[in-house]
Amino acid sequence: MKFSLRHILAGSLVFLAVVPTLAVLWMMNRASTQAVQDLAGTILTHVATRVQNDTESHVRQAHDALDGLFPERLSGPELDRARTQLRTPAAFEGMAFALTRQSQDVPVIHIGNLHGEYFGVERNGDNARVGIRKPDGLGRLFYDVRVPGDRSKPLDSEISNFEPRSTPWYSGALTAKDRVFTPVRVSVRRKQLMVSLAQPVFDADGGAAGVFAADLYLQTLADLLRTQRISSHGAAFVVDEKGLLVASSAGDALFTSNEGKLERTGPATSANPMIRAGFTALQQLWATRSADTVATNTALQRLPLGDDAVLMVQRPFGEGLGLHWTLVVAAPESDFTGEITRGLRLSLGAIALVIVLATLVAFAIAHMLGRRLRGLTAAAEQLGRREVPAISRTRIREINQLSTVLHDSAEQLQAYREQVEEDARALQEANDTLEARVERRTAQLAASREEALSAARAKAAFLATMSHEIRTPLNGVVGMSTLLAETPLDAEQRDYLQTIRLSSDQLLAVINDVLDFSKIESGKLDLEIEPVSVRGAVEEACDIAAPRAREKGLELIIDVADHGDNAVPEAIKGDITRLRQVLINLINNAVKFTAQGEVAVHARLLKADDGQGRCVLEFRVTDSGIGIPPERIDSLFQAFTQVDASTTRKYGGTGLGLAICKRLVDLMGGEIGVESEAGKGSTFWFTIAAPRTQLAQTFNVADAGMLDGKRALIVDDHATNVRILARQLQMWGIDVTSASSGQEALAFVDSAPEAAHIVITDMHMPEMDGVALARELRSRAAWRDVPIVLLSSGFMPGADESARLFTARLLKPARQNQLFETLLRCVSPQGPQRVSLGTAGPDAKKDITILVADDNAVNLKVACAMLLKLGYEVRTATDGREAIEAVAQAVAGGTRLGAILMDVNMPEVDGLEATRQIHAIWGAAAPPIIALTAGASAEDRARCEAAGMNEYLTKPLHVAALAQALERWTAGDAPAVARAAAGASAAAPEADAGVQLLDPSRLEEFKEFDDEDLSMTKEVVALFVKDAPLRIDAIEQAIAAGDAGAVAKAAHALKGAASNIGAVAIQSEAAQLEAAASAGDIADAPARAALLRQLWSRTHPLLSALA
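Residue numbers (full-length UniProt numbering): 1 to 1107.
Hints were generated in silico from the structure; no laboratory data involved. All residues carry an ideal CB built from backbone N, CA and C; glycine is no exception. Check each hint, because a few of them may be wrong.
To be verified - Here are the simulated SDA-like cross-link-like pairs (lysine to any residue), alpha carbons at most 20 Å apart as the crow flies:
| id | residue 1 | residue 2 |
| --- | --- | --- |
| 1 | LYS1049 | VAL786 |
| 2 | LYS261 | SER187 |
| 3 | LYS177 | PHE202 |
| 4 | LYS573 | ASP526 |
| 5 | LYS1026 | GLU1036 |
Stated by the list, open to error - Restraint-style ranges between C-beta atoms, simulated for each label pair:
| id | residue 1 | residue 2 | range |
| --- | --- | --- | --- |
| 6 | LEU413 | LEU357 | 44 to 50 Å |
| 7 | LEU868 | SER779 | 49 to 55 Å |
| 8 | VAL24 | LEU413 | 45 to 51 Å |
| 9 | LEU373 | ASP432 | 47 to 53 Å |
| 10 | ASP408 | LEU357 | 39 to 45 Å |
Please construct the entire structure, taking both the sequences and the accompanying hints into account.
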């Protein structure tokens, strides 16, 4: 549908004339109406405030009257005086006589006591009317009194019974136990509304002594409301909590007589419509009272009323005086808006006139403009036909200008057409040139991309080569220094050797940092997802840092939340290697930069579900070290950055550790940060997000019940250690008592009704250390046989003294499983249920041959030396082809190869190709192949597995790792020494499969603080091997002498020594023999001694292999 411009112009002009006028009128009317409503609200609010203040002043007179007698809160003397006046009202009469003359609205003050006695004083002109009721009286006797005490003019007496104790003022005060107003009631005597203010008085025993009361008459309130000027038809009224009238500005009757009974009236019966409407609205507000009580009570409310509306303000008042009344002030809206309505009608008439005039003018203008525009339309049509239109002459400047423009445009268009055709030809030529340039640039970009890819491949190849070239000589340094440590050396030589080993370890750490950072930067580092024990990861990281912490005398604390909302899950799915790498880096840094104090590792659940099926864990490593200046924190996680240059010189390091940690934490979906203050220590924290999972159970569930209900005494001067240790023990059902020193522990021991089942003590404590405390406990008869577990950060007492004093010794921080198993051994000789260790099988070392294939002479020498030390026979090959030929020769000669140690990078045929060919030739009969490589990446491991290699060892090679790998793949043919050192178990053919001889976890405890040569473990084992036969001999001699006490003492010594070494079978049998001998029963002691000798004969070969 098309419209004429003339009609559009006319309609627009009319619209622009009418709509703004109506809008202005509407806004003015609304603004004036709002202003009038605001003014009305102000007037009504002022009236309400004035009435409320005057009403509260009137009601306060009752309080003033009682305050003249006594304050609302009675002190001791005042309370005694009140009780006296209740018993003898003579003093009360004088005060009441004076107080009733202070206000005409409070003419009566009276009292009643618990005996039913009543005394009242009522103002009666210049005199007073005194009412008295004796306790045994019926009604009241009244007197006309001029002065207090005058009884010369008796008045009428009450015939009916009057009981003050049943009056509202008496019973209400006792119920409230405080000063309180009675409900509004009608005074029969004075024919007006009144309330009584009553205050109770209580005896010393809490019983009621009596009540003081003052009567307040309310006629003044009605007079007050009638004098208020609200508006022409406005009204105000006051209602009580029952909704009955207290006062009204309309002069309504406040009560009526119904069959001789005076009854109060409500606002609903008022003759004034404003009062009725206001009360109806008030009832609605009471029924739907909102939580915003203050806004409801103070806001102006507008309510419909027929053709008009009511403006109302209502407010409760009197709460502070003990009343619950509501004041309502209401007026019709027309009282305030009448003039505005008349002005609105006049304005609408004027607008109608303006609309008519505007319509006429608009049509005239539209007709004139339409005629001129039709002329311009014709000129535009000429322009389309490439004609030059004539210029239209008119007095309208815009039309004239438009006609001129059309004329000039027609002349210019021809020139533009010619220019466009010329530009089109030039553009086509430019396009042809541009296509050729794009082809050249595309070829250049492709060449640049190929060059960048070649550079990336060259970098990766360089890193792989450097890893191999650096680790190969480092393998010789580490391996030969390990072997050299086992040769006879003097103290100076051993010190030099230790320096070599520490330097090679540091060099290896630097290499690993650089290679890891390079892989991260190139995006080549991927996470390996597998079940991860969170507590195990923390404990393993702390195990690595523990020796250095012990050297520096630091407390290394593990705090893994295991209950409550922040309890860490048992296991998550993640990369154990990378999680442990971050923890080790942060813990090592904390130990490095802390000279004294403690390093604490905390783990807790931060969020149970992040919305992606993962939980969020937080780890915090806190130290008391040197701290970090605030200006250095922002750059701390950048590569090659440390706190400052002096730190680099003093503490060493590449500055890559924290940068690697940040990248690894980012890969694990978390964040990392630090909180630190220079000189006071630092807290490094990071989070990871990972799904929950479960781990296989590491011990028999039945073991857990053995600790339930046991009592333990923890002695440690470090509060954090006590808190964490107590929490772990309580989780297993152990009742825990703690002491912060040896003296405090002994005080508990001397006062305890019964001994604890276990004592756990720290080694290093002020005044009395763990050894001294153990000696004291062993000297007390009741505590002599209680197992004592020693915790130490470093120094351990000698083996003889440990066997005598301590049941077990653990290095801090003790692992949870390690602590659990130790406690089980303490409370039960059998300890946790594990697979039994039998006697060692026949020595099969000489029957196992290991083939080593490596092109580097140093690596060959190191590997061969380690294998020979472990008792294996060795064959060598210098490349993959020789390795294949060696396998063929062994098969042809009937020699079974136990395993092949295969270097990956070798000339001619590398280790991967050699492995594939060996599997292709011999298939399932091929010996196990263990990879030896300097590559430490996941890609290197994957290539080895894809080639068919069974195991993966990185250079530099370590004896322990090599022994464990060979033990796994040579199975029953492994040497006994390697098998026992790895903690594996093998049942002896002649041994009872149900008897556990050794607990390998105990030997693992020694390795926590032993060197790589296990010199301490070997020394302890050798001492036990030498000592055990002597102790068995002592038992047999005591049995032969018939000395039960000596038998018990010798069995106890053997039990302690066996528990220290983990010989659980001997420990259990010795404990049973000790218990029987302590009870004086040695009848079956010879049989038990023979069993001990038999168990020793089975255990001895295992320990000899370790020694």
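Comparing the hints with the structure gives:
1. LYS1049 <-> VAL786: 15 Å, holds
2. LYS261 <-> SER187: 12 Å, holds
3. LYS177 <-> PHE202: At roughly 9 Å apart (the allowed maximum being 20 Å), PHE202 and LYS177 satisfy the hint.
4. LYS573 <-> ASP526: 14 Å, holds
5. LYS1026 <-> GLU1036: 17 Å, holds
6. LEU413 <-> LEU357: 44 to 50 Å: 46 Å, holds
7. LEU868 <-> SER779: 49 to 55 Å: 52 Å, holds
8. VAL24 <-> LEU413: 45 to 51 Å: Given range 45 to 51 Å: holds, Cβ gap about 49 Å.
9. LEU373 <-> ASP432: 47 to 53 Å: The hinted range 47 to 53 Å holds for LEU373 and ASP432, with Cβ atoms some 48 Å apart.
10. ASP408 <-> LEU357: 39 to 45 Å: 41 Å, holds
Taken one by one, the earlier hints all hold for this structure without exception.
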